[in-house]
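Required output: the full structure, derived from the provided sequences and hints.
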Amino acid sequence: MTGDEADDRRALMEDPETRFRMAFDDAPIGMVVASLRPGSTGELVLVNQALARLLRTTPEELVGSSILALSPPDDLPIDLVFVRELVDHLRSTYQRERRMRRADGSDVWVRISVTSVIADRAPSYAIAHVEDITDRRAVEEELARRALYDALTGLPNRVLLVDELTLAVRRTAAGDGPIAVLYLDLDHFKDVNDTLGHAAGDEVLRQVAQRLGEVVGGDQGTFASRLAGDEFVVFARVADETAAQAIAARLHAALTVPMRIGDRTVVSRPSIGIAIARSAADAAEALLRRADAAMYHAKHRTRAPWAVHDETLDALAARRIAVEEDLRTALAADGFRLLYQPIVDLADGRIVAAEALLRLEHPTRGLLAPDAFIDVAEDSDLILPIGAWVMDEATRQLARWQAQRPQLRMAVNVSARQVRHLVLLDLVREASERNGIDPGDLHLEITERVLLDANVDVLAELRAVAELGCDLALDDFGTGYSSLAYLTRFPVTALKIDRTFVAGLGTSGESTAVVEAILGLAEALGLGTVAEGVETAAQRELLVELGCPFAQGYYFGRPMTAADLERLLG
481 MTGDEADDRR ALMEDPETRF RMAFDDAPIG MVVASLRPGS TGELVLVNQA LARLLRTTPE
541 ELVGSSILAL SPPDDLPIDL VFVRELVDHL RSTYQRERRM RRADGSDVWV RISVTSVIAD
601 RAPSYAIAHV EDITDRRAVE EELARRALYD ALTGLPNRVL LVDELTLAVR RTAAGDGPIA
661 VLYLDLDHFK DVNDTLGHAA GDEVLRQVAQ RLGEVVGGDQ GTFASRLAGD EFVVFARVAD
721 ETAAQAIAAR LHAALTVPMR IGDRTVVSRP SIGIAIARSA ADAAEALLRR ADAAMYHAKH
781 RTRAPWAVHD ETLDALAARR IAVEEDLRTA LAADGFRLLY QPIVDLADGR IVAAEALLRL
841 EHPTRGLLAP DAFIDVAEDS DLILPIGAWV MDEATRQLAR WQAQRPQLRM AVNVSARQVR
901 HLVLLDLVRE ASERNGIDPG DLHLEITERV LLDANVDVLA ELRAVAELGC DLALDDFGTG
961 YSSLAYLTRF PVTALKIDRT FVAGLGTSGE STAVVEAILG LAEALGLGTV AEGVETAAQR
1021 ELLVELGCPF AQGYYFGRPM TAADLERLLG
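Numbering of the sequence shown is given in my numbering, commencing with residue 481 and proceeding in unit increments.
I should point out that these hints are in silico values taken from the structure, not numbers from a laboratory.
25 Å max Cα-Cα, derived SDA-like pairs, lysine to any residue:
{"id": "1", "residue 1": "K670", "residue 2": "N935"}
{"id": "2", "residue 1": "K779", "residue 2": "H678"}
{"id": "3", "residue 1": "K670", "residue 2": "E925"}
{"id": "4", "residue 1": "K779", "residue 2": "H732"}
{"id": "5", "residue 1": "K779", "residue 2": "A729"}
{"id": "6", "residue 1": "K779", "residue 2": "E928"}
{"id": "7", "residue 1": "K779", "residue 2": "A708"}
{"id": "8", "residue 1": "K779", "residue 2": "S860"}
{"id": "9", "residue 1": "K779", "residue 2": "R686"}
{"id": "10", "residue 1": "K670", "residue 2": "A734"}
{"id": "11", "residue 1": "K779", "residue 2": "A766"}
{"id": "12", "residue 1": "K779", "residue 2": "L676"}
{"id": "13", "residue 1": "K670", "residue 2": "R943"}
{"id": "14", "residue 1": "K670", "residue 2": "E928"}
{"id": "15", "residue 1": "K670", "residue 2": "E683"}
{"id": "16", "residue 1": "K670", "residue 2": "R691"}
{"id": "17", "residue 1": "K779", "residue 2": "V903"}
{"id": "18", "residue 1": "K779", "residue 2": "G709"}
{"id": "19", "residue 1": "K779", "residue 2": "L862"}
{"id": "20", "residue 1": "K670", "residue 2": "E805"}
What follows is a set of in silico ranges between Cβ atoms, one per label pair, in the way DEER data are often shown:
{"id": "21", "residue 1": "R650", "residue 2": "A723", "range": "18 to 26 Å"}
{"id": "22", "residue 1": "P886", "residue 2": "T844", "range": "38 to 46 Å"}
{"id": "23", "residue 1": "A723", "residue 2": "E1021", "range": "54 to 62 Å"}
Cβ atoms here follow ideal geometry from the backbone N, Cα and C, with glycine treated the same way.
The following block contains the structure:
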């Protein structure tokens, strides 16, 4: 630069207007000068290139228009207030985050800082700095969304649910009508994760969420959310309890339609609990607890898979919590016991096996049979560690008895959960090896429900167990979903005739006919049979006449300790 050029530059820089214009035009953030003269609506006098680029236009297009022209329609009323306050000298500065409308109709978030310049004791114009904060707002909105919405399904989470439910209940007090809270849980969802993997489980949850939205998303006053895991909540304004049950029926119908997950077909069967809020006194969390209690009750119903809460369910929920606590305590403190009931050969009365029967030794209630706790054990998955303990204890006891009676066998009841979780094979193999018995000496009893819900993985698991040499007996045969398909598709080796049929032998022609039919079926298929619940000599004699080979029941011996059975063995 020559000396003359340097002198010229110094002269320019000493001129205040020139310095301002250079700083204004070259500023990296948007700048604008707007008129604040009386009656003005913030007409733009100067606009720099940075702001024009941000708004996707040119300075020439913006100059002369009102700053209010940059306001989205929804924001115009509040923006007009700020402009009037500046023009009327009610404020001299302000900062706020707001939206601006671009030339292409899109919106951009900005932080605007406005300072009015006073001339002749009145504001004549304002200088505003406009900073693009779109990216920061997007991050903040995403964080806020994550705090209120479930990342997997996109549904509102528990936090937002409680807020919205609280507001809805308040409106109930204003006369808007009752609110129905529907608590949904997918039956056996854990089995999907265990057998197909968590990615498949996630896809099931996404499809469930989509179906919930399809059912209730278009209805005014409805709300669907995901709490956690496979638990969802829907609430809706309803006329009465009947309308709430109608929503439950629609939800159940939508969710039980088979869904494709990869190359598999999965059916999600929901249990639904319903709680009704009729006044503002119904707190959101209390409603959720009541709906949850009703849902648990629905899981064990044989009728419609939904239930409406009433006061008796609170007691059931309290009992469930107490029982679960008892089970955890028993697992930690060796509080379970096995009793044994002999199984005899009807031809000579010889004891050929024993069935291991689980008991819970409660500190105040004494020795409890499974009816008092097994449903809670199943639902809480505590049945898995309990079942592992049973298998280990039963095989250990069998090894002791076989030292005297090598041909003795042990019958062990197997939980549906153990089969669905695909742990049975490892459980049998490890317990047999640890305690030194032949797996072929185990008589594993499964229910028909296990076979009803079985998929290809469960079938493979049962076949692998059978290949170890274990007998697989179908327990309570004839009382549930009996199907000849089970006997040909699954590796079943024996049928247990339910005690309800045995009780009617000799007195009920129908019971006798059923027992005779089961024995004939078993013989034709090459299956063994055991009659349960034999209590009288007459029942024993009739079973012998009908050709039943084995039986158990009070007539031969009640459930007893290992020491008592050992004395019977001689």
